[in-house]
Each structure stands twice: as structure tokens, then as C-alpha cells.
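Visitor: Sequence:
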Amino acid sequence: VVTLTLIGNQYLALRQFDKALEHYRQSLTLARENNDRNFQIINLNQIGEALEGKGDNQTALESYLVALKLAANENERADSSGRIAATYSVIGEHDKAIEHQIKAMFLEERSGDFDHYANASLELGRIYTRAGQFANAPR
Numbered sequence: 628v629v630t631l632t633l634i635g636n637q638y639l640a641l642r643q644f645d646k647a648l649e650h651y652r653q654s655l656t657l658a659r660e661n662n663d664r665n666f667q668i669i670n671l672n673q674i675g676e677a678l679e680g681k682g683d684n685q686t687a688l689e690s691y692l693v694a695l696k697l698a699a700n701e702n703e704r705a706d707s708s709g710r711i712a713a714t715y716s717v718i719g720e721h722d723k724a725i726e727h728q729i730k731a732m733f734l735e736e737r738s739g740d741f742d743h744y745a746n747a748s749l750e751l752g753r754i755y756t757r758a759g760q761f762a763n764a765p766r
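Under my numbering, the sequence shown has 659 at position 32, and the numbering climbs by one with no breaks.
Think of the hints as simulated: they come from the structure by calculation, not from any bench. Quick caveat, the model's predicted, so the values are computed rather than measured. The beta-carbon is built from N, C-alpha and C at its ideal position, and this holds for glycine as well. One should not assume that every hint holds.
What the hints assert, rightly or not - Just the calculated beta-carbon pair ranges, DEER-fashion:
1. Ala762 with Lys646: 40 to 48 Å
2. Gln643 with Val717: 16 to 24 Å
3. Leu749 with Asp722: 30 to 38 Å
4. Thr656 with Gly680: 16 to 24 Å
5. Leu749 with Glu660: 33 to 41 Å
6. Glu649 with Gly752: 16 to 24 Å
7. Thr630 with Glu726: 18 to 26 Å
8. Gly719 with Ala699: 26 to 34 Å
9. Ala762 with Arg652: 38 to 46 Å
10. Thr630 with Gly739: 30 to 38 Å
11. Leu692 with Thr656: 15 to 23 Å
12. Asn746 with Asn700: 15 to 23 Å
13. Asp683 with Ala764: 26 to 34 Å
Stated by the list, open to error - The list that follows gives simulated cross-link-like pairs (lysine-lysine, DSBU-like), each with its CA atoms no further than 35 Å apart:
14. Lys681 with Lys646
15. Lys696 with Lys646
16. Lys646 with Lys723
17. Lys681 with Lys730
18. Lys696 with Lys730
19. Lys681 with Lys723
20. Lys723 with Lys696
21. Lys730 with Lys646
22. Lys681 with Lys696
Please build the complete structure, drawing on both the sequences and the hints.
Guide: This is how it looks when you write it as C-alpha cells:
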């Protein structure tokens, strides 16, 4: 599982999205067979990244949503919510993007991870800006 994911990461870094997807999907299959929730989440998120790289944002979003359902703690939910928010923003669904980014921001704050909280807050400002809602952007 780990090796396949790492190979997928290398292909993703090289922007060879189809090869990355191949390895992530193989790893995901093994993770499911072994009931390894952590690697299921990791691979679903990586599959989403590779799909976004290919421009398939809708399928990437579906992958992120499955990962969110598997998330068992606030950090995992915050990560998945942030990915979902970013994808909704790219496809122009700003209200959904804002909703998920606010969730990510509060989850990061509650978990006490203030670096990630700060990044989530900045990203919320970017999403408000893309949506043209300048008055709502955090200052």
C-alpha cells in the first residue's frame, strides 16, 4: 500500500496523472481489502489531486467527498473539507466552497493546529475574493 502510494506521488509530481491514478487506485484497493481507513483517505485525496491535474474537477470532488465520509478526526475532516472547498471554488460553486472552508477553518481551530487554522483562514479570504464577496473576507 505504502509503496504504491509513494510511486503514485512521484508520478503526480511529474504530472503523469494517468500513471499516478493507476498506482493510487491499486493502493486504494489494497487499503480497502485490509480495512486500512487511513490509507483509504490518503489515496482518495491523492486520486482527487491527480484528477484535478487532469482537469476532471467533478470526479475529484467525488473522491474528496468519499474521503470526508471516512475521516475519523478533526484534522482529517479539516483536510478533506479544505480540498472540497478548493474544488468547489474552481468549478464556481462559491457558496459550497465557503461552507466547506468555514468548516475546515473551525475544525483546525478546534484541533489546536494554529498554523493550519491560519492557512484555512487565508484560503477562506481567497474564496470570498473569487466569489466577489469582498466585505465577507476575513481581515
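Visitor: All hints are to be evaluated individually against the structure, with a verdict given for each.
Guide: Hints versus structure:
1. In this structure the supplied range 40 to 48 Å holds for Ala762 paired with Lys646, their Cβ-Cβ distance being about 45 Å.
2. The beta-carbon spacing between Gln643 and Val717, approximately 21 Å, falls within the hinted interval of 16 to 24 Å.
3. Between Leu749 and Asp722 the beta carbons are some 19 Å apart, a value that contradicts the proposed interval 30 to 38 Å.
4. Checked against the hint of 16 to 24 Å, the pair Thr656 and Gly680 passes, with Cβ atoms roughly 21 Å apart.
5. At about 39 Å, the CB distance of Leu749 to Glu660 agrees with the hint of 33 to 41 Å.
6. For Glu649 and Gly752, the hinted distance range of 16 to 24 Å is not satisfied, since their beta carbons lie about 37 Å from each other.
7. For Thr630 and Glu726, the hinted distance range of 18 to 26 Å is not satisfied, since their beta carbons lie about 37 Å from each other.
8. Judged by the Cβ atoms, the range 26 to 34 Å given for Gly719 and Ala699 holds: they are separated by roughly 31 Å.
9. The supplied range of 38 to 46 Å is met by Ala762 and Arg652, whose beta-carbon atoms lie about 43 Å from each other.
10. Roughly 33 Å separates the CB atoms of Thr630 and Gly739, a value that falls within the hinted 30 to 38 Å.
11. In this structure the hint that Leu692 and Thr656 lie 15 to 23 Å apart at CB holds, the actual value being about 19 Å.
12. About 18 Å separates the C-beta atoms of Asn746 and Asn700, a value consistent with the hinted range of 15 to 23 Å.
13. Asp683 and Ala764 have their C-beta atoms about 29 Å apart, which keeps the hinted 26 to 34 Å range intact.
14. Restraint check for Lys681 and Lys646: satisfied, since their Cα atoms lie roughly 12 Å apart, inside the 35 Å limit.
15. Under the criterion of a C-alpha separation no larger than 35 Å, the hint pairing Lys696 with Lys646 is consistent with the structure, at around 26 Å.
16. The hinted pair formed by Lys646 and Lys723 meets the criterion: a straight-line CA distance of about 31 Å does not exceed 35 Å.
17. For the suggested pair Lys681 and Lys730, the alpha carbons sit about 27 Å apart, so the restraint of at most 35 Å is met.
18. Distance check on the hinted pair: Lys696 and Lys730 sit about 14 Å apart at the alpha-carbon level, within 35 Å; holds.
19. Proposed proximity of Lys681 and Lys723 is supported: the alpha carbons are some 22 Å apart, at most 35 Å.
20. The hinted pair formed by Lys723 and Lys696 meets the criterion: a straight-line CA distance of about 17 Å does not exceed 35 Å.
21. Of the pairs offered as hints, the one joining Lys730 and Lys646 holds, with about 33 Å between alpha carbons and a cut-off of 35 Å not exceeded.
22. Distance check on the hinted pair: Lys681 and Lys696 sit about 24 Å apart at the alpha-carbon level, within 35 Å; holds.
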